[in-house]
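Undergrad: Note that the UniProt record's numbering has the sequence shown beginning at 1, numbered continuously upward.
Source of the hints: derived by calculation from the structure; they are not laboratory data. Some hints here could point you the wrong way.
Pairs of lysine-lysine, BS3-like flavour, derived with a Cα cap of 27 Å [as the list claims (entries may be wrong)]: (1) K76 x K92; (2) K10 x K92; (3) K10 x K76.
In this text, all values refer to a predicted model and were calculated from it rather than measured experimentally.
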Amino acid sequence: MSFDHIDHAKLREICLRYGVAGLAVFGSVARNEDTPSSDIDLIYELSPGVELGWEIEDLAHELAEFFGRPVDLVSKRALHPLLREDVLTESKPVYAA
């Protein structure tokens, strides 16, 4: 999946609405190993002072509609220490505030 032709203004609007400061893709999509049935693994980082509860489900739903595929959202803060370095190394930024 290529992110070259996405509607960056629309993605920015979604991220601003939920207080997302950064969004990066990792996993099969970042490695260009995805198939049409692959989901999109996304790392998100929230702006200072922002907390999401159940709204994270709404964000995931909006991003899935935006990208046209299911998404898995993972908080950058919640990355497992044993996986953190590898995940962050392979990740590719999609949005930054």
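Undergrad: All the hints need checking, so say for each whether the structure fits it.
TA: Against the structure, the hints:
Taking the CA atoms of K76 and K92, the gap is about 13 Å. The hint holds against a cut of 27 Å. At roughly 19 Å between alpha-carbon atoms, K10 and K92 fall within 27 Å of each other, so this suggested pair holds. The straight-line distance between the Cα atoms of K10 and K76 is roughly 22 Å, inside the 27 Å bound, and the hint therefore holds.
Comparing the model with each numbered hint stated earlier shows that all of them hold.
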